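Asks: Listed in order, the protein sequences are those of chains A and U.
Each residue of the first sequence is one higher than the last, beginning at 1024 in my numbering.
Each residue of the second sequence is one higher than the last, beginning at 1024 in my numbering.
Just so you know, these hints were derived from the structure itself, not from any lab.
All of these numbers come straight from a predicted model, not from anything done at the bench.
It is possible that some hints are incorrect.
Same chains, same names: a pair is fine if it fits in one copy or spans any two.
As the list claims (entries may be wrong) - Calculated pairs, EDC-like style, for lysine to aspartate or glutamate (alpha carbon to alpha carbon, straight line, at most 20 angstroms): (1) Lys1057 to Glu1106; (2) Lys1057 to Glu1134; (3) Lys1057 to Glu1113; (4) Lys1085 to Glu1144; (5) Lys1057 to Asp1109; (6) Lys1056 to Asp1109; (7) Lys1056 to Glu1106; (8) Lys1090 to Glu1106; (9) Lys1047 to Glu1113; (10) Lys1027 to Asp1175; (11) Lys1057 to Asp1153.
Number of protein chains: 2
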Amino acid sequence: MDAKLINPFIKSTINVLETMAFVKCTAGKPYLKKNAVAQGDVTGVIGLTGEANGTVSVTFDKGSILKIVSNMFGEEMEELNAEVADAVGELTNMISGQARRELEEINRVFEAAIPSVISGENHQITHYTDGPKIAIPFTVDGGKFTIEVCIDG
Amino acid sequence: MDAKLINPFIKSTINVLETMAFVKCTAGKPYLKKNAVAQGDVTGVIGLTGEANGTVSVTFDKGSILKIVSNMFGEEMEELNAEVADAVGELTNMISGQARRELEEINRVFEAAIPSVISGENHQITHYTDGPKIAIPFTVDGGKFTIEVCIDG
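Isolated chain A, as found in the complex (with noise of 0.2 angstroms):
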């Protein structure tokens, strides 16, 4: 997969983050997944299509959506309720949203379909594809999670 695909995603992550919820985050340096599984606590899942076919996944570690949330509600989030959910889902839309803009820049044009989200301790997400899954690691005050990003072809 081009690494042009990648950069936009990890821009994007980095400035919603700062943007919504006031949170620094850094990202760690991408790696080519093959039979790892991200693991985490509530994962947001977006599917794309257009120039091909993809999914990306943000999946959280408890420490780091509730700093988050906390941050974004201006309260103090002790638990992963259905708050928390949807505020996964609404990171998940702006993350892909920023980076699809800077793709279209580039004339790399995806549609993006409707986020899910899954919350359950421990939870472990795989993509099913044959293509290129490129995982990057962030570390956040509170916690860590991980983007993956697959795109056929």
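Could you slot chain U onto chain A? The hints should help.
Replies: Leaving out everything else, chain U in the frame of chain A:
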């Protein structure tokens, strides 16, 4: 949401499970979800775009999916491992593919993204849309599963 959009998913689910796993399943009455969420142990989710944006998820309890994959593989599967996740990805793809082909015949054209599969005991899934969310409960020998179809507008 138009009922004509839901029936193809019910029909394709019954057909795919019968063809791939020789399993007969029974569809319950579809219902409009408000706040409730699907709960289960393995979920396949796939995004849709096209005439409208959407998402389709299939959430299995452990009993139903172990029965289905044991039949698919012709050997007794006892745990929710990577092979089971792969099978759920494939089933999700096929259910969405057959339903989309049938929808095309009535000139409702959707594209599908890459399916993602979430494994983790007793997780919950919600869909981030203001549009209607239709759930269809299914029973199968060994357990139950739920299909959710959300299509904006």
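Asks: Now tell me, hint by hint, if it's right for this structure.
Replies: Hint check results:
1. Proximity of Lys1057 to Glu1106 under the C-alpha cut-off of 20 angstroms is restricted to the inter-copy arrangement: shortest distance 14 angstroms between copies versus 33 angstroms within a copy.
2. Neither within a single protomer nor between protomers do Lys1057 and Glu1134 lie at most 20 angstroms apart by alpha-carbon distance, with minima of 26 angstroms and 27 angstroms respectively.
3. In this assembly of identical chains, the alpha carbons of Lys1057 and Glu1113 lie at most 20 angstroms apart only when taken from different copies (18 angstroms versus 29 angstroms within one copy).
4. Taking the shortest alpha-carbon separations for Lys1085 and Glu1144, both the intra-copy value of 8 angstroms and the inter-copy value of 16 angstroms come in at or below 20 angstroms.
5. With identical chains, the CA atoms of Lys1057 and Asp1109 are at most 20 angstroms apart between copies only, with a shortest distance of 14 angstroms across copies and 30 angstroms within one.
6. For a Cα distance limit of 20 angstroms, the shortest separation of Lys1056 from Asp1109 across copies, 15 angstroms, qualifies, whereas the shortest one inside one copy, 28 angstroms, does not.
7. In this assembly of identical chains, the alpha carbons of Lys1056 and Glu1106 lie at most 20 angstroms apart only when taken from different copies (17 angstroms versus 31 angstroms within one copy).
8. In this assembly of identical chains, the alpha carbons of Lys1090 and Glu1106 lie at most 20 angstroms apart only when taken from the same copy (14 angstroms versus 35 angstroms across copies).
9. For the homomeric pair Lys1047 and Glu1113, the shortest alpha-carbon distance inside one copy (18 angstroms) is at most 20 angstroms, but the shortest distance between copies (38 angstroms) is not.
10. In this assembly of identical chains, Lys1027 and Asp1175 lie within 20 angstroms of each other by CA distance solely inside one copy; the values are 14 angstroms within and 30 angstroms between copies.
11. Taking identical chains as interchangeable, the C-alpha atoms of Lys1057 and Asp1153 lie at most 20 angstroms apart only when both belong to the same chain, with a minimum of 10 angstroms there against 36 angstroms between chains.
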